[in-house]
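Novice: Given only the sequences and the hints, what does the whole structure look like? Please build it.
Protein chains in written order, with this note's numbering: chain A, 107 to 455; chain B, 154 to 423.
The hints are simulated quantities; they were obtained by calculation from the structure and are not laboratory data.
By construction, the Cβ of each residue, glycine as well, lies at the ideal position given by its N, Cα and C atoms.
Treat the hints with care, since some could be wrong.
[To be verified] Here are the simulated distance ranges between beta carbons:
no., chain 1, residue 1, chain 2, residue 2, range
1, A, 137, B, 310, 54 to 62 Å
2, A, 304, B, 294, 54 to 62 Å
3, B, 193, A, 254, 34 to 42 Å
[Stated by the list, open to error] With the Cβ distance kept under 7 Å, some of the chain A side facing chain B (calculated, not the full set):
no., residue
4, 197
5, 208
6, 209
7, 416
8, 420
9, 423
[To be verified] Per the computed footprint, the stretches of chain A lying under chain B, defined by three or more beta-carbons under 8 Å from a beta-carbon of chain B, are:
no., region
10, 200-207
11, 216-229
12, 307-317
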Amino acid sequence: MTGDTVTGMTRYDDDPAGARRAVTVRGLVKHYGETKALNGVDLDVAEGTVMGVLGPNGAGKTTLVRILSTLLAPDAGRATVAGYDVVRQPRQLRRVIGLTGQYASVDEKLSGRENLYLIGRLLDLSRREARARADELLERFSLAEAARRPAHTYSGGMRRRLDLAASMIGRPAVLYLDEPTTGLDPRTRNEVWDEVRSMVGEGVTVLLTTQYMEEAEQLASELTVVDRGQVIARGGIEELKAKVGGRTLRVKPADPRDLAPLAAMLDGLGITGLASPVVDAEDGVLRVPVLSDEQLTAAIGAVTARGITVSSVTTELPSLDEVFLSLTGQRAGRTQDAPAAEAREEAAA
Amino acid sequence: MSTVTAHAPVDARIPLRGHLRHTGALIRRNLLWIRQDPESMFDALLMPVAFTLLFVYVFGGSIGKALGGGQDGYVQYVIPGMIAMMSMTLSQGVGTGFSQDFNSGVMDRFRSLPIGRGSVLFAKIAVELARMLFATTLLMVVAVLVGFRITNWPGLVAAVGLSAVFASSIMWVFLTLGVTLKNAQSVQAMGFLVLFPLQFGSSIFAPTASMPGWLQAFTDYNPLSTLADAARGLMVGGPVAHGLWVTLGWSVALTAVMAPVAIRAFRTRT
Ligand SMILES: Nc1ncnc2c1ncn2[C@@H]1O[C@H](COP(=O)(O)OP(=O)(O)OP(=O)(O)O)[C@@H](O)[C@H]1O
Ligand SMILES: [Mg+2]
Numbered sequence: 107m108t109g110d111t112v113t114g115m116t117r118y119d120d121d122p123a124g125a126r127r128a129v130t131v132r133g134l135v136k137h138y139g140e141t142k143a144l145n146g147v148d149l150d151v152a153e154g155t156v157m158g159v160l161g162p163n164g165a166g167k168t169t170l171v172r173i174l175s176t177l178l179a180p181d182a183g184r185a186t187v188a189g190y191d192v193v194r195q196p197r198q199l200r201r202v203i204g205l206t207g208q209y210a211s212v213d214e215k216l217s218g219r220e221n222l223y224l225i226g227r228l229l230d231l232s233r234r235e236a237r238a239r240a241d242e243l244l245e246r247f248s249l250a251e252a253a254r255r256p257a258h259t260y261s262g263g264m265r266r267r268l269d270l271a272a273s274m275i276g277r278p279a280v281l282y283l284d285e286p287t288t289g290l291d292p293r294t295r296n297e298v299w300d301e302v303r304s305m306v307g308e309g310v311t312v313l314l315t316t317q318y319m320e321e322a323e324q325l326a327s328e329l330t331v332v333d334r335g336q337v338i339a340r341g342g343i344e345e346l347k348a349k350v351g352g353r354t355l356r357v358k359p360a361d362p363r364d365l366a367p368l369a370a371m372l373d374g375l376g377i378t379g380l381a382s383p384v385v386d387a388e389d390g391v392l393r394v395p396v397l398s399d400e401q402l403t404a405a406i407g408a409v410t411a412r413g414i415t416v417s418s419v420t421t422e423l424p425s426l427d428e429v430f431l432s433l434t435g436q437r438a439g440r441t442q443d444a445p446a447a448e449a450r451e452e453a454a455a
Numbered sequence: 154m155s156t157v158t159a160h161a162p163v164d165a166r167i168p169l170r171g172h173l174r175h176t177g178a179l180i181r182r183n184l185l186w187i188r189q190d191p192e193s194m195f196d197a198l199l200m201p202v203a204f205t206l207l208f209v210y211v212f213g214g215s216i217g218k219a220l221g222g223g224q225d226g227y228v229q230y231v232i233p234g235m236i237a238m239m240s241m242t243l244s245q246g247v248g249t250g251f252s253q254d255f256n257s258g259v260m261d262r263f264r265s266l267p268i269g270r271g272s273v274l275f276a277k278i279a280v281e282l283a284r285m286l287f288a289t290t291l292l293m294v295v296a297v298l299v300g301f302r303i304t305n306w307p308g309l310v311a312a313v314g315l316s317a318v319f320a321s322s323i324m325w326v327f328l329t330l331g332v333t334l335k336n337a338q339s340v341q342a343m344g345f346l347v348l349f350p351l352q353f354g355s356s357i358f359a360p361t362a363s364m365p366g367w368l369q370a371f372t373d374y375n376p377l378s379t380l381a382d383a384a385r386g387l388m389v390g391g392p393v394a395h396g397l398w399v400t401l402g403w404s405v406a407l408t409a410v411m412a413p414v415a416i417r418a419f420r421t422r423t
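Specialist: Put into structure tokens, the structure is as follows:
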């Protein structure tokens, strides 16, 4: 039995800067007829980090993950994972990766435990090791109680967790998570995030695709923004957040007639660096882009000092659409939406 | 770009023991499916019973009279053919099963694991063969109840073995369909198109002597017909050689051509 010693053996490409790279992608191309799913993508993921790949529907995220998992052959370009070429060394590569695809890939007719045991056996664990590993992961992913039920009785969140557990059995060096929380409720999403964090704590390199800025901010240290098969921005998460303008303060006065005076007041206040508030008459809210905690505190202080009754005050991260707007001056995916949205804002102001 | 070796490089080769272990684990998985979903055995359980009763009691009297042996004579004639037919019909299961696995995403998981591609295919074939053996046993029980006389046990075993050999070769065709077609329904429809002419242009239900010459030319080399002939010869007596050799020839040819095609389609499917 040699299987248990195989996992964890990895080779890495050297980065010029000295940091070891777990994933290197150069000029990756994949076309489906007219659709350019990937059109020359470059990507570097340093060992032990979480790379977020942020992009709207159809950006090419899944195509990228499938190529890096050897499920799909690229038309052009090169990609290596832990030093293994995706095209020339698929078998070695499969030993060092874990994959949680966008759509759950658990065997619905098998119980959670049987699913994990099967994968353990396919990864060359002995029967006893496979059983022990399955139980350990079921415990860790809070599936112990449902361990003996067939997976088709699981909720969406449980299936996701089982999928995550399945991709962890072989103790992969590099883990792909393709939109791991899309469609999950906030509580389950938080659980999945916690699990991802603890995997990262074990030194796993993670490539995470997502449509949510918030998810990227929670998990990733580096971010690559893709759209229509191309990288449109990349950098550290803080760097990109500064570019897209941090958070938005959302104030909803109890009386919609207070909207305009409130906006004028905040505008005239002269808080350093605070951008002009935007009135959204349709939703009856005021949106104020804030860049720092100090600005946020000052703005909220001003609102309450004025004595206007508010029914809600929230902060939100920029949506994917807003990220795209500030990075490229264009809406994600298609452009015809932009004029309409601007017109609405003008009408409201 | 320089490459450093942080640990010993990963071994790409899978030893034979590894292949056997993977195939075994996947066989177990397919068996668990049957346990979890016993309805999937219905076709294997019902077909032998239903077809035997249908042909013996509904058509058996008149065909038997025409053949000159009555209903009892027809039972002896038709049962070996039933074994042949059932092995074909059940073979389709590999294709529909595969199609489901692709569509449910399970196959993505398997294909991202460091296992040989053949393991997944062989495991499926092994389980379908077991299912077939089970159905054949049941068929023989029903056959005896309606009057079939097992006079030649080695002949029976040989007939079942020949059916299994041919079935495992035709399974590569269904596996190819399962890998290349979009969903289980299309696999089933295509399978039917393949099987229909083979089943009815054959000696399974009635001797071919009264058929037109062109059809006889077809049945002489229709593997399903030759399989039925060989099984009949082995179980109740009569000529064996032609049926045996033509069937074995088909088995070898189908496997030689379709196994690589299926494995290739499996490797390259996106
Ligand atoms: N098998 C295929 N055949 C044809 N076109 C495809 C195929 N797979 C993907 N595409 C196209 O390639 C583009 C990229 O698809 P991909 O699934 O990689 O996007 P994605 O970023 O994962 O999107 P989502 O967020 O919706 O999952 C899309 O336009 C899609 O329609
Ligand atoms: Mg996707």
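Novice: State for each hint whether it applies.
Specialist: Status of each hint after checking the structure:
1. A:137 - B:310: 54 to 62 Å: For residue 137 (chain A) and residue 310 (chain B) the Cβ distance comes to about 55 Å; the hint holds.
2. A:304 - B:294: 54 to 62 Å: 56 Å, holds
3. B:193 - A:254: 34 to 42 Å: 20 Å, violated
4. 197: Nearest chain B Cβ about 4 Å off; hint holds.
5. 208: 9 Å, violated
6. 209: Holds. Min distance 5 Å.
7. 416: 47 Å, violated
8. 420: 37 Å, violated
9. 423: 30 Å, violated
10. 200-207: Check passed, 6 qualifying residues.
11. 216-229: Holds: 7 residues of the region 216-229 of chain A have a Cβ under 8 Å from chain B.
12. 307-317: violated (count 0)
Checked against the numbered hints above, the structure breaks hints 3, 5, 7, 8, 9, 12 and satisfies the rest.
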